[in-house]
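> Okay, here's what each chain looks like letter by letter:
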Amino acid sequence: MYINEYKILLVDDEKTLREMVCGFLHRANFHNVITAADCRQARELFRKETPHLVLLDVMLPDGDGFSLFEDLQKDSQVPVIFLSARDEDEDRLRGLGLGADDYITKPFLPEELILRVKAVLKRVYRAKDVREEDVVVLGACRVDMGSGVVYWHREENSDTKETDTEITLTAKEYAVLQKLAQERGRIVTIDALCEAVWQEENYGYENTLIVHIRRLREKIEEDPSHPKYLLTVRGLGYRLI
Amino acid sequence: MGQKYNYKKAIRLFLYGVAMLTMIILLVGILNIVFFIVGILALKNMDIDYIHGGDVIEALTLTENGYVLAEEMEQEFVEQDQWAMLLDASGQVIWSIRKPEEVQEFYTRTDIARMTRYYLKGYPVQLRVWEDQIMVVGLQKDTVWKYNLEFSISWMDFVKRIWWYYFLINIAWITVLAFFFTRRYTRKKEQARIEWIAGVSHDIRTPLSVVMGYADTLEHEEGLPEETRQQADMIRHQSMVMKELIADLNLTSQLEYSMQALRREKVRPAEIIRNIVVEFLNDSRQKQLELDVQIASDAESVCVKADRQLFMRMFRNLINNSLKHGGQNDTVRIQISMWKEKGKCRIRYADNGMGYSEEILHGLRNRKRGASGHDIHGLQIVKKIVLAHGGKIWFGNCEEGGSYCLTEFRVTKKGF
Numbered sequence: 262m263y264i265n266e267y268k269i270l271l272v273d274d275e276k277t278l279r280e281m282v283c284g285f286l287h288r289a290n291f292h293n294v295i296t297a298a299d300c301r302q303a304r305e306l307f308r309k310e311t312p313h314l315v316l317l318d319v320m321l322p323d324g325d326g327f328s329l330f331e332d333l334q335k336d337s338q339v340p341v342i343f344l345s346a347r348d349e350d351e352d353r354l355r356g357l358g359l360g361a362d363d364y365i366t367k368p369f370l371p372e373e374l375i376l377r378v379k380a381v382l383k384r385v386y387r388a389k390d391v392r393e394e395d396v397v398v399l400g401a402c403r404v405d406m407g408s409g410v411v412y413w414h415r416e417e418n419s420d421t422k423e424t425d426t427e428i429t430l431t432a433k434e435y436a437v438l439q440k441l442a443q444e445r446g447r448i449v450t451i452d453a454l455c456e457a458v459w460q461e462e463n464y465g466y467e468n469t470l471i472v473h474i475r476r477l478r479e480k481i482e483e484d485p486s487h488p489k490y491l492l493t494v495r496g497l498g499y500r501l502i
Numbered sequence: 265m266g267q268k269y270n271y272k273k274a275i276r277l278f279l280y281g282v283a284m285l286t287m288i289i290l291l292v293g294i295l296n297i298v299f300f301i302v303g304i305l306a307l308k309n310m311d312i313d314y315i316h317g318g319d320v321i322e323a324l325t326l327t328e329n330g331y332v333l334a335e336e337m338e339q340e341f342v343e344q345d346q347w348a349m350l351l352d353a354s355g356q357v358i359w360s361i362r363k364p365e366e367v368q369e370f371y372t373r374t375d376i377a378r379m380t381r382y383y384l385k386g387y388p389v390q391l392r393v394w395e396d397q398i399m400v401v402g403l404q405k406d407t408v409w410k411y412n413l414e415f416s417i418s419w420m421d422f423v424k425r426i427w428w429y430y431f432l433i434n435i436a437w438i439t440v441l442a443f444f445f446t447r448r449y450t451r452k453k454e455q456a457r458i459e460w461i462a463g464v465s466h467d468i469r470t471p472l473s474v475v476m477g478y479a480d481t482l483e484h485e486e487g488l489p490e491e492t493r494q495q496a497d498m499i500r501h502q503s504m505v506m507k508e509l510i511a512d513l514n515l516t517s518q519l520e521y522s523m524q525a526l527r528r529e530k531v532r533p534a535e536i537i538r539n540i541v542v543e544f545l546n547d548s549r550q551k552q553l554e555l556d557v558q559i560a561s562d563a564e565s566v567c568v569k570a571d572r573q574l575f576m577r578m579f580r581n582l583i584n585n586s587l588k589h590g591g592q593n594d595t596v597r598i599q600i601s602m603w604k605e606k607g608k609c610r611i612r613y614a615d616n617g618m619g620y621s622e623e624i625l626h627g628l629r630n631r632k633r634g635a636s637g638h639d640i641h642g643l644q645i646v647k648k649i650v651l652a653h654g655g656k657i658w659f660g661n662c663e664e665g666g667s668y669c670l671t672e673f674r675v676t677k678k679g680f
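Order-wise, the sequence lines are chains A and B.
Position one of the first sequence corresponds to residue 262 (the working numbering), numbered consecutively onward.
Position one of the second sequence corresponds to residue 265 (the working numbering), numbered consecutively onward.
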């Protein structure tokens, strides 16, 4: 199932906002969007349609989003992204550990919302983006993200003789590359990479990360000491281009 | 710790409250005394006191027929409805005027002793000794309440000694009362104000989302002329500015009244700095921005107790401020460095812009509010955030051009 086939339920009491969000979800190829204006409607639609993701306004005319969220979570594991218009909610969203998948503070830009929706769907359902492929192509090297194998296709200079090599990535190298590939083109901080690889309690692995990066470069770069794809951004992190 | 910022204001209100209550209590005290004096005077006017025994004696003359009272005095006894009798050394009544019938003619020593302290058959009396005789002046029944009071000297001394403590206890009472009153009063007022601001910003945000959303859509609409798209971009950009302003307004009101204690947790500034910087660098809309981060190796592991969101806001505001004023040669160059100094964590932020104006520097260095303006607002918040975290902050201009902002924070013990 591709990412744009997932069904999204949008709950917000403001009609213009609903129309706008629907509009740009459509434009981002999410055609399966249903909307509700209050808790009652939301519950009804949720039962009938069983959406894959709920975008939920915190303040609704007949109750607050938090309690509706708890209701929905009782008999399903549906991911929820909160839409909040108050800074105060932010504390609650962070602090309560409601288990909400994400939240976004109004006002927001369309691309912000789309990014988060996609990120949650990818995480929860392992959904695939249309453009996103299982293979990361880095010049002559292709990395199969399903198996974590690096395929090299080299053409020997003189004859047209071709050589194919296969190298397997270690779990850590794979985690680093996966994170970088997800954010391809963008800088990923050392801290974010450490978190992706070691999860909690990730501090103190910076030097180990450098080692993994070097080994990863040896596997994916033609000239590991002059990398073309996995670039260092001094003092900040790395970027895969 | 979040209250720190509010101390001055709270103390001022508190002192004001103490002064008010002290004044009220003083006023009540003065009124009491006035009433007391007026009361005594009123009682005096009611004339319940005895005709003076000495006067009676003086008005008596001994004749062959016994004692005779001067006429005016006799008149007085009638007017005041009092009576009197004279006892000789043996206790026998030898003269009397208007004496009630139930009062006997002869008194033993115990009778006399009793009536000096209490009543004589229910009549209040006063005794006056004259040579070996006793002049008894009496009022009518149920006109006077009397009670004998006696205190030991040591008790009276004790009272004198504790008088000051009593006074102090009273002051303490007033203080405590004032504290509760002012706290309730200010809480209510501050709460109302914060809620109002929060409400207004909430109401603005939803429509602003729509403005931003559609502006963004128009900007990416291929069919529109370039100029229109640029205008849409302008709308979007200005909406973002408004968004920041609303967030700042909300934050200012909360920091000012510090209703919401900071949600402090152990954070690594190094990580936050990288995070924010990358956020700006990854934003494709930001062009011509150079961000250089230098974190000393010993500062990498430094932890600070801070509110993560506020800490991020601090850097965002600084960077936004630099972006707003542009840099030399159209490239905004920002340098953030962090190091450890004397056990404290120092973060220096510098840009290559035109530097802070005298006015802004003045506004940032002084507490007075006059110099507030659109430009200074974001920086004021930076300052407030630093102060709310118990840190120090300095603003200034670099010699080679541009402005800097130096902050210092206490380091917490490493918990990793």
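Simulated from the structure, these hints should not be mistaken for lab results.
All C-beta atoms, glycine included, are put in the ideal place defined by N, C-alpha and C.
Keep in mind that a hint or two might mislead.
Here are the simulated lysine to aspartate or glutamate pairs, EDC-like style, with alpha carbons at most 16 Å apart [what the hints assert, rightly or not]:
# : chain 1 : residue 1 : chain 2 : residue 2
1 : B       : Lys604    : B       : Glu672
2 : A       : Lys276    : B       : Asp467
3 : B       : Lys385    : B       : Asp396
4 : A       : Lys433    : A       : Glu467
5 : B       : Lys530    : A       : Asp484
6 : B       : Lys656    : B       : Asp594
Okay, the calculated bits of chain A under chain B, using three or more residues with CB under 8 Å as the criterion [as the list claims (entries may be wrong)]:
#  : stretch
7  : 277-283
8  : 342-348
9  : 366-375
10 : 424-436
11 : 447-454
> Evaluate each hint against the coordinates.
Verification of the supplied hints:
Between the alpha carbons of Lys604/B and Glu672/B the distance comes to roughly 9 Å, so the proposed pair stays at or under 16 Å and holds. Note on Lys276/A and Asp467/B: the hinted pairing holds, with a Cα-Cα distance of about 14 Å set against a maximum of 16 Å. This hinted pair does not check out: Lys385/B and Asp396/B have alpha carbons roughly 24 Å apart, beyond 16 Å. Proximity of Lys433/A to Glu467/A is assessed by CA-CA distance (about 13 Å); at most 16 Å being required, the pair is judged to hold.
With a C-alpha separation of about 41 Å, the suggested pairing of Lys530/B with Asp484/A is violated against the 16 Å cut-off. A threshold of 16 Å between alpha carbons decides the hint, and for Lys656/B with Asp594/B the separation of about 31 Å lies outside it, so the pair is violated. Three residues within the 8 Å Cβ limit are the bar, and the stretch 277-283 of chain A against chain B gives 4, so the coverage statement holds. With 3 residues carrying a beta carbon less than 8 Å from a beta carbon of chain B, the stretch 342-348 of chain A meets the three-residue requirement, and the given coverage holds.
For a cut-off of 8 Å, the count of residues in the stretch 366-375 of chain A with a CB near a CB of chain B stands at 7, and the three-residue condition holds. Counting residues of the stretch 424-436 of chain A whose CB falls under 8 Å from any CB of chain B gives 0; the rule of at least 3 is not met. For the stretch 447-454 of chain A, the stated coverage by chain B holds: 7 residues have a C-beta nearer than 8 Å to a C-beta of that chain, and at least 3 were required.
Violation of the numbered hints given earlier is confined to hints 3, 5, 6, 10; the remaining hints are satisfied by the structure.
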